[in-house]
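Trainee: Protein chains in written order, with this note's numbering: chain A, 228 to 428; chain B, 228 to 428.
Heads up, a few of these hints could be off.
Identical chains blur together in the list; that is why a pair holds if it fits in one copy or across any two.
Listed below are the simulated DSSO-like cross-link pairs for lysine-lysine, each with C-alpha atoms no more than 27 angstroms apart in a straight line [unchecked claim]:
(1) 306 to 360
(2) 323 to 306
(3) 398 to 306
(4) 337 to 311
(5) 299 to 343
(6) 311 to 394
(7) 311 to 299
(8) 286 to 306
(9) 354 to 299
(10) 360 to 337
(11) 335 to 360
I should point out that these hints are in silico values taken from the structure, not numbers from a laboratory.
Listed here are the chains, written in short residue letters.
There are 2 protein chains.
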Amino acid sequence: MAIRYPNGKKYAAVQSASVQKSKSNKSITYSNRGMTLEDDINQSNLYYLDTAIAVIHKKPTPVQIVDVHYPKRSAAVIKEAYFKQASTTDYNGVYKGHYIDFEAKETKNKTSFPLKNFHDHQITHMKQVLSQKGICFVLLRFSLTDEVYLIDAAFLIDAYEDQTERKSLSKQTIETNGYLISLGLAPRLDYLSIVQKVYLT
Amino acid sequence: MAIRYPNGKKYAAVQSASVQKSKSNKSITYSNRGMTLEDDINQSNLYYLDTAIAVIHKKPTPVQIVDVHYPKRSAAVIKEAYFKQASTTDYNGVYKGHYIDFEAKETKNKTSFPLKNFHDHQITHMKQVLSQKGICFVLLRFSLTDEVYLIDAAFLIDAYEDQTERKSLSKQTIETNGYLISLGLAPRLDYLSIVQKVYLT
Chain A
228 MAIRYPNGKK
238 YAAVQSASVQ
248 KSKSNKSITY
258 SNRGMTLEDD
268 INQSNLYYLD
278 TAIAVIHKKP
288 TPVQIVDVHY
298 PKRSAAVIKE
308 AYFKQASTTD
318 YNGVYKGHYI
328 DFEAKETKNK
338 TSFPLKNFHD
348 HQITHMKQVL
358 SQKGICFVLL
368 RFSLTDEVYL
378 IDAAFLIDAY
388 EDQTERKSLS
398 KQTIETNGYL
408 ISLGLAPRLD
418 YLSIVQKVYL
428 T
Chain B
228 MAIRYPNGKK
238 YAAVQSASVQ
248 KSKSNKSITY
258 SNRGMTLEDD
268 INQSNLYYLD
278 TAIAVIHKKP
288 TPVQIVDVHY
298 PKRSAAVIKE
308 AYFKQASTTD
318 YNGVYKGHYI
328 DFEAKETKNK
338 TSFPLKNFHD
348 HQITHMKQVL
358 SQKGICFVLL
368 RFSLTDEVYL
378 IDAAFLIDAY
388 EDQTERKSLS
398 KQTIETNGYL
408 ISLGLAPRLD
418 YLSIVQKVYL
428 T
């Protein structure tokens, strides 16, 4: 869900990140524009949707619902529920017929991206997507410098499975093997222009 | 999330449908095998995943989280939350590089399928997917006879937008314009064989 501002130009993503993500520190505001990576991606996806460039959505946070009350004359209230481990990545959708699937992570490190940001089930899902010829990648943000890189899933999977020597991707490795995404206004994070260049041309 | 049974052959989907769907009557058990359409689809998707045929998941039920407690030494508990309207269809994924997107509905009617089972936002989403060249359809089940039909999204959209005369799809229309899906054991509902035939050959 997102609010369109009256001028019809600005896109603001209100995924209620502050509540839903409070367990994972993502609600902390960062650097330049006080927006999280998730906010930027949601705004960009809304832009892509409204301009008919692509249909890409964030999946809802998976929740195990235990108790629901049904008060008279008002909406059902969930009274007890727990966060569940997601079995896939957070974002997917379609761009010119192609299946797009990705995960987004940020770090406050300056010189490397810790691989512990990813989990086994996410890596498994990425492998499955690649085996179905889906376009799969991760968006990595260095929060302090507000740099966002696209890294192909196959590269990430290799690094993840070979953590005997390194438990992180060095910034230099990311610069060499990834693609820096330019920041703008609409979309704020034009990752599909990189997807077009890397996967479709 | 799904449980694999020890014999490695049976697939059982436990999407906690009984709790999550109690508001929409979907937890009622039907006919032959006591399985809802959602159960059948989840089981089939698990089969497709394990046999590397496709990667298709049901999206989590969207929930607006209002209050979360963080007890010491145990998991965070959501104490207040509400069901949100989904902005997309329930299922999507990738099959041989193709983006797959669908919604599933069942009725206890015998002679027609009421169009009120669909909502504006779902129809809008289907249009968006079609405009991106995604493969988009609905699975309709007549619960009492346990017949499941695949109907192309473009056909459904036309019927939905032309409800001046009819507010439902007649069974005969569905038989003529849809594709009956054969029921089996693994997968219980082999809708991808129909997708292959209708969209990819």
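Trainee: Next, verify each hint and record whether it holds.
Mentor: Against the structure, the hints:
1. Taking CA atoms no more than 27 angstroms apart as the test, residue 306 paired with residue 360 passes in neither setting, with 41 angstroms inside one copy and 41 angstroms between copies.
2. In this homomeric assembly, residue 323 and residue 306 never come within 27 angstroms of each other (Cα to Cα): the closest approach is 42 angstroms inside a single copy and 41 angstroms across copies.
3. In this homomeric assembly, residue 398 and residue 306 never come within 27 angstroms of each other (Cα to Cα): the closest approach is 44 angstroms inside a single copy and 41 angstroms across copies.
4. For the homomeric pair residue 337 and residue 311, neither the shortest alpha-carbon distance inside one copy (30 angstroms) nor that between copies (38 angstroms) is at most 27 angstroms.
5. Within a single copy, residue 299 and residue 343 get their C-alpha atoms only as close as 46 angstroms, which misses the 27 angstroms cut-off; across copies the closest is 24 angstroms, which meets it.
6. With identical chains, the CA atoms of residue 311 and residue 394 are at most 27 angstroms apart within one copy only, with a shortest distance of 25 angstroms there and 39 angstroms across copies.
7. For a Cα distance limit of 27 angstroms, the shortest separation of residue 311 from residue 299 across copies, 18 angstroms, qualifies, whereas the shortest one inside one copy, 29 angstroms, does not.
8. For the identical chains of this complex, residue 286 and residue 306 are neighbours both inside a copy (22 angstroms) and across copies (21 angstroms), given an alpha-carbon limit of 27 angstroms.
9. In the homo-oligomer, the alpha carbons of residue 354 and residue 299 never lie at most 27 angstroms apart, since the shortest distance is 47 angstroms inside one protomer and 36 angstroms across protomers.
10. For the homomeric pair residue 360 and residue 337, neither the shortest alpha-carbon distance inside one copy (33 angstroms) nor that between copies (40 angstroms) is at most 27 angstroms.
11. In the homo-oligomer, the alpha carbons of residue 335 and residue 360 never lie at most 27 angstroms apart, since the shortest distance is 33 angstroms inside one protomer and 38 angstroms across protomers.
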